[in-house]
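One-letter residues, chain by chain:
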Amino acid sequence: MSTEARKPPLQIALKIRRILGGKAGWNGVAVQFAFAAILGWIGYEIVSNARANLENQHIAAGFGFLRNNAGFDVNQTLISYTGSDTFLRVFVVGLLNTLVVSVVGIVFATVIGFIVALCRLSPNWLLSRVGEIYVEVIRNLPLLFQILFWYLAVLAALPNPRQSISLLGIAFLSNRGLVVPSPIGQGGLGPFLAVLALGIVASLVLRFHARRALFQEGRMIRIWPYVLGALFGLPLATMLVFGLPFTFELPQLRGFNFAGGSRIIPEFVALTVALSTYTAAFIAEIVRAGILSVHQGQMEAGSSLGLSRGATLRLIVVPQAMRVIVPPLTNQYLNLTKNSSLAVAIGYPDLVSVFAGTSLSQTGQAIEIIAMTMGVYLLISLLTSAVMSVYGWHVSRSLGA
Amino acid sequence: MKRVTLALTLALAAGLAAQAADAQTLKTVKDRGMLSCGVSQGLPGFSSPDDKGNWTGIDVDVCRAIAGAIFNDPTKVKFVPLSAKDRFTALQSGEIDVLSRNTTWTISRDTSLGANFTGVTYYDGQGFMVKKSLKVNSALELNSASVCVQTGTTTEQNLADYFKANNMKYEVIAFATNDETVKAYEAGRCDVFTTDQSGLYANRLKLANPNDHMVLPEIISKEPLGPMVRHGDDQWFDIVKWTLFAMITAEELGVTSKNVDEKAKLENPELKRVLGSDGNFGEQLGLTKDWVVRIVKAVGNYGEVFDRNVGAGSPLAINRGLNNLWNKGGLQYAPPIR
Numbered sequence: 001m002s003t004e005a006r007k008p009p010l011q012i013a014l015k016i017r018r019i020l021g022g023k024a025g026w027n028g029v030a031v032q033f034a035f036a037a038i039l040g041w042i043g044y045e046i047v048s049n050a051r052a053n054l055e056n057q058h059i060a061a062g063f064g065f066l067r068n069n070a071g072f073d074v075n076q077t078l079i080s081y082t083g084s085d086t087f088l089r090v091f092v093v094g095l096l097n098t099l100v101v102s103v104v105g106i107v108f109a110t111v112i113g114f115i116v117a118l119c120r121l122s123p124n125w126l127l128s129r130v131g132e133i134y135v136e137v138i139r140n141l142p143l144l145f146q147i148l149f150w151y152l153a154v155l156a157a158l159p160n161p162r163q164s165i166s167l168l169g170i171a172f173l174s175n176r177g178l179v180v181p182s183p184i185g186q187g188g189l190g191p192f193l194a195v196l197a198l199g200i201v202a203s204l205v206l207r208f209h210a211r212r213a214l215f216q217e218g219r220m221i222r223i224w225p226y227v228l229g230a231l232f233g234l235p236l237a238t239m240l241v242f243g244l245p246f247t248f249e250l251p252q253l254r255g256f257n258f259a260g261g262s263r264i265i266p267e268f269v270a271l272t273v274a275l276s277t278y279t280a281a282f283i284a285e286i287v288r289a290g291i292l293s294v295h296q297g298q299m300e301a302g303s304s305l306g307l308s309r310g311a312t313l314r315l316i317v318v319p320q321a322m323r324v325i326v327p328p329l330t331n332q333y334l335n336l337t338k339n340s341s342l343a344v345a346i347g348y349p350d351l352v353s354v355f356a357g358t359s360l361s362q363t364g365q366a367i368e369i370i371a372m373t374m375g376v377y378l379l380i381s382l383l384t385s386a387v388m389s390v391y392g393w394h395v396s397r398s399l400g401a
Numbered sequence: 001m002k003r004v005t006l007a008l009t010l011a012l013a014a015g016l017a018a019q020a021a022d023a024q025t026l027k028t029v030k031d032r033g034m035l036s037c038g039v040s041q042g043l044p045g046f047s048s049p050d051d052k053g054n055w056t057g058i059d060v061d062v063c064r065a066i067a068g069a070i071f072n073d074p075t076k077v078k079f080v081p082l083s084a085k086d087r088f089t090a091l092q093s094g095e096i097d098v099l100s101r102n103t104t105w106t107i108s109r110d111t112s113l114g115a116n117f118t119g120v121t122y123y124d125g126q127g128f129m130v131k132k133s134l135k136v137n138s139a140l141e142l143n144s145a146s147v148c149v150q151t152g153t154t155t156e157q158n159l160a161d162y163f164k165a166n167n168m169k170y171e172v173i174a175f176a177t178n179d180e181t182v183k184a185y186e187a188g189r190c191d192v193f194t195t196d197q198s199g200l201y202a203n204r205l206k207l208a209n210p211n212d213h214m215v216l217p218e219i220i221s222k223e224p225l226g227p228m229v230r231h232g233d234d235q236w237f238d239i240v241k242w243t244l245f246a247m248i249t250a251e252e253l254g255v256t257s258k259n260v261d262e263k264a265k266l267e268n269p270e271l272k273r274v275l276g277s278d279g280n281f282g283e284q285l286g287l288t289k290d291w292v293v294r295i296v297k298a299v300g301n302y303g304e305v306f307d308r309n310v311g312a313g314s315p316l317a318i319n320r321g322l323n324n325l326w327n328k329g330g331l332q333y334a335p336p337i338r
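Protein chains in written order, with my numbering: chain E, 1 to 401; chain X, 1 to 338.
These aren't lab readings, by the way, just hints derived from the structure by calculation.
Each residue gets a CB set at the ideal place from its N, CA and C atoms; glycine is no exception.
Treat the hints with caution; some may be incorrect.
Stated by the list, open to error - With the C-beta cut set under 10 angstroms, the calculated list includes, among others, these residues of chain E facing chain X:
no., residue
1, His58
2, Arg67
3, Ala70
4, Asp73
5, Thr82
6, Asn160
7, Ala301
8, Ser304
9, Gly306
10, Leu307
11, Thr363
12, Gln365
What the hints assert, rightly or not - Covered stretches of chain X, going by a simulated chain E footprint (3 or more residues, C-beta under 8 angstroms):
no., stretch
13, 103-112
14, 296-307
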């Protein structure tokens, strides 16, 4: 004689039937499982057959080659690398080169894209025509030609190292690239970095506090003097106590080239310029569409509340436009990353050039290397999309939508 | 470039997955009525197309000789231009029947690619080209130089070894194709262009002012260049191997494309054996009795091929050197046809 409400029966089985089988019920579930099993079997057959045939033809297979010595050099390495390192390290070197050109390209493309979009939307006739011409010219030319153009243009414009352009005697510009002094860590480096990190964390905490005060209590707190102090004052004070964090090694012309210093190679510059200007043309259109999608009334509402034009744009229009902008923007970021594989045309040592190019022909293991390279591009793209999805979700949530 | 590699890789995966290519290359070629031959994308003297699309060069003539032996018609060849990094995949996937693309014979390529080298068409070695204005006379003066190189070649590894062994620093800039490499060298991106020495002479002709550039005397590697075929078809391997030997033997015996018919009528026992009126060596290969006559009529003997494409009769004007016959101070030597 229980008075408790009856629990509904467990309905896991029914749920499975509904999700997998749909209207077809249990028959549908059976068909789905059979289909999945057949797909799995076909995949297994392909792999095992390919493996057996490779073995029959005495073509080396497997990933053992990654531990072998590569025996060739690469001209831009973000981690230390010599010819006696392994193919695995070549893979990492190439991957980092791809990532650095993608990240720098994405940052520049976004900045240029926003600027061009604002130009196009500007009431100024000249500015808006300049923006329009930029977009129409850049996005309608094949990217490969733009990369080759920038590369040959950069090379043609620069002198050889012996006649290099000296910038204040510390940096040198020639057709071997831009050589700048490279920092060398000193005793004061540890405390300097620690204090800098502390300053950044403190500034973020302050900002969080100030926003909460503004939104919950309506109080405006002026935090910028404290932020400046935390970011610049404290590290400067540390330098006075512990000594210089690093000194600079100056480049010097020796023989054919500069010795010492760090170098930005012309291939990197050409590729970054081409990728970011090209992608910026598309981003500009996306941003323009996003801003135009926000109703004119929002702008008017802002002014009637007494906000300035800049504040209205920053606080009201752009946050709403971001909801429209973020998903296609993600596409452009992915395109830029994938297009960076055109680097091989101008000798920039990206993943495709050093790994799917040189390493492939040194080892002949095409299937493994191409599969690894495709896997990496897939991973980079999925990670980029994931980050952008989180950002998009954040933007929507903050609008309460 | 990447798309080609990708397509070839997929073709390779699909081909391997379906079933290993059957070992009947000769039959396949006969059924198709065409020999499919992998060559370079344009290296004067070895394989390059003219403005009408006709291919010429030593590597091209090897394929024409094979087609001559099979079809008695040296024009029945389809030339497939391949970049350095796509070449092995194209051979493995069955896209081409023979790879004749200035490819260096090394142990790793011979053992791990599922393919075999059939012989040496040209004994080469890696060298360096610089601008004369740099006033460099030896490769040992190249410390800290920037070097342009084509990616996917043994050249990159030889380069690394040479500079390391001589304690010199350098910067390498690797391009996907030969033409891009030459363009970057000409634009001043690098001080040095390196590839096989024959290639240096060939590429020098492409520069605006060939006389402003010089090839340094050092040869830093052994680069025996030869054709490759797939593993597992010994008959086809023999045909490609003996086509080259037939060309060398013809030169040894003084048989040329002009006098081959008269030589065939002579009562010399060796000539009769080689030119097919005695014995049936051609049939044992799966060809016809007069296979050597067909080859010599198609392209001439080895000496004629060399002179026409890279030697005295060509703009490259390279000395025979190592590529002379063994009895004239060179290395070219064919096992006897008997």
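TODO: Taking the numbered hints from earlier one at a time, note which ones the structure violates and give those numbers from smallest to largest.
DONE: 2, 7, 8, 9, 10 and 14
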